[in-house]
Each structure stands twice: as structure tokens, then as C-alpha cells.
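> Chain by chain, the residues run as shown.
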Amino acid sequence: MSTNTTTLTMVSDEEIAISRAFDAPRQLVFEAHTKPEHVTQWLLGPEGWTMPLREIDLRPGGSWRFAWQHADGRKLEMTGVYREVVPPFRIVNTERWGPDWPETVNTLQFSEEDGRTTVTQTVRYDSREARDAALATGMMSGVERSYELLDGLLAKQR
Amino acid sequence: MATDQLSMTFAALADPTRRAILGRLLDGSATVKELAAPFAMSGPAISKHLRVLERAGLIKRGRAAQWRPCELDATPLKGVTEWAERYRQFWDESYRRLDRYLDRMKEQGDEH
Chain A
1 MSTNTTTLTM VSDEEIAISR AFDAPRQLVF EAHTKPEHVT QWLLGPEGWT MPLREIDLRP
61 GGSWRFAWQH ADGRKLEMTG VYREVVPPFR IVNTERWGPD WPETVNTLQF SEEDGRTTVT
121 QTVRYDSREA RDAALATGMM SGVERSYELL DGLLAKQR
Chain B
159 MATDQLSMTF AALADPTRRA ILGRLLDGSA TVKELAAPFA MSGPAISKHL RVLERAGLIK
219 RGRAAQWRPC ELDATPLKGV TEWAERYRQF WDESYRRLDR YLDRMKEQGD EH
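Residue numbers (the numbering used here), protein chains in the order written: chain A, 1 to 158; chain B, 159 to 270.
Keep in mind that the hints were calculated from the coordinates and are not lab data.
There may be inaccurate statements among the hints.
Sample of chain B residues at the chain A side, in silico, Cβ under 7 angstroms [stated by the list, open to error]:
| # | residue |
| --- | --- |
| 1 | F197 |
| 2 | M199 |
| 3 | L208 |
| 4 | W225 |
| 5 | R226 |
| 6 | E229 |
| 7 | F248 |
| 8 | E251 |
| 9 | S252 |
| 10 | Y253 |
| 11 | Q266 |
All C-beta atoms in this analysis are idealised placements derived from N, C-alpha and C, irrespective of residue type, glycine included.
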């Protein structure tokens with residue numbers, strides 16, 4: 001069982017970094033992130049989701065699109081455009097979760113040490129609208145207990 | 159959901175007194191006096207918290223009666239959980255799955 005943990009830090013008011021180490025060499029981790037047949041195996045979030053649609057045109061200016069579907073019928077879609085592609089070190093791309101969500105510019109960095117690869121994803125909010133959302137994200141990390149309360153509130157309501 | 163609404167909801171939830179008020183309102187509507195009872199706080203202090211909750215859309219207050227009973231409105235909470243869950247759980251659970259998948263990739267690489 002891996003003890004690697006996902007860390008989420010606020011870099012600034014506009015930037016969030018998500019970092020995670022993997023017990024695998026960089027080339028393998030990079031491939032897992034960029035080949036559709038691999039991505040569909042793990043980039044699924046919570047249990048119950050599948051990714052019936054994944055398109056990756058891995059080159060600057062190329063677009064990508066992932067669509068998820070839950071067993072209960074819920075759907076999610078994420079789209080964006082690649083700005084920089086430097087295998088197996090770095091990818092910069094835009095990302096949007098849907099029309100109601102702000103566009104972000106994400107930098108994916110792969111660094112290897114002693115056969116372990118650390119993936120750092122920096123999410124930058126590019127507009128004022130988006131920055132407001134980022135501020136809310138900062139609160140997210142600080143108000144863990146609020147979410148526990150929320151879970152409790154919603155559970156009681158069912 | 160507008161991001162301003164989301165920020166207001168977060169700010170409203172950051173305070174333990176306001177969380178306790180919301181918890182109380184789960185059991186049904188209540189007057190300001192009833193809500194103030196468990197706290198060592200003045201009526202105006204409680205009213206201030208209620209205004210924050212009202213602006214965030216988390217409570218509704220009756221118009222007719224002069225004691226204006228408060229009622230919970232969970233709509234913004236659903237916006238928060240939807241938004242927060244997308245972000246936080248998504249990566250953590252995906253990465254745990256990636257650990258296992260990388261092991262399989264390594265095994266398959268060793269076989270060839």
C-alpha cells in the first residue's frame with residue numbers, strides 16, 4: 001500500500017498547487033497522464049465514474065476533452081487546449097469544467113528522483129471571475145470542519 | 159452558481175456560531191430568541207450572525223410575524239459540496255487509482 005499523499009497548497013490568490021509522488025519512473029508517469037488508453041484507467045475521481053470519451057491531441061494548440069459518466073446518470077466534462085508540451089517533463093494547458101466554471105491554466109510538472117516521480121499540477125485562475133473562485137478555494141483548505149458540518153446537514157436532510 | 163455566492167457561503171460557514179445556528183435550524187424554524195438561547199450572546203450579536211447567514215442565502219426569515227422566524231435554506235450548501243467535491247476528491251481518488259495502475263504498467267513492461 002502506497003503512503004504517498006496528495007497535497008493541495010495555495011501558492012497565491014490565483015494559484016493552487018496539487019502535488020503527489022508516485023513509485024514509478026518519470027517516463028511511465030508521463031505516459032499514464034498523456035495516452036488516452038491509460039488516462040481512462042485512472043483519471044476517474046470517486047468510485048462509480050467511467051470515462052467514455054477521451055480525446056488527446058498532445059501538441060501545442062491541440063485540444064483535449066474528457067467526459068465522465070456516473071452509474072447514477074450524472075455527467076461531467078472537462079475541455080482545454082495544450083499550450084506547451086515537453087515530454088516527459090512538462091505540459092501547460094487550459095482547462096474548463098463546463099460553461100459555469102472558470103477557465104484555468106494548468107502546468108503539469110514531472111520530476112524524478114531515485115525512481116520516484118513527483119507530479120505537481122499548478123492551477124492558475126486567469127480572470128477576475130476565476131480569481132474569486134480561487135479565493136473560495138483557499139477557504140476550502142482552511143475550513144475543513146465546515147465541510148464536515150455540510151455533510152452532516154445534507155445527510156440529515158435526506 | 160455565481161462565484162460571489164460561493165465566497166459568501168464559505169465566509170458564512172467559517173464561523174462556529176453560525177454553523178451551530180444552521181445545525182439548530184435543521185430541526186425546524188426558530189425565532190431569534192430561540193436561536194440565541196444556547197449562546198452567551200446578546201440579541202444584536204446573534205442578529206448580526208443571522209444577517210451574514212441571510213446574505214449568504216443560507217437562511218430565510220419570515221416577513222409576517224414581528225419575531226420573524228428563521229428557516230434553513232440548503233441551496234447554497236449543495237453548491238458548495240458539489241464544487242468542493244469535484245475538486246478535492248477528484249484528484250485524491252484518481253491518484254490512488256493511478257498508484258495501482260502504474261504497478262500494472264510496470265509489470266506489463268517487465269513482461270516484454
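> Please flag the earlier hints that this structure goes against, numbers listed from lowest up.
1, 2, 3, 4, 5, 6 and 11
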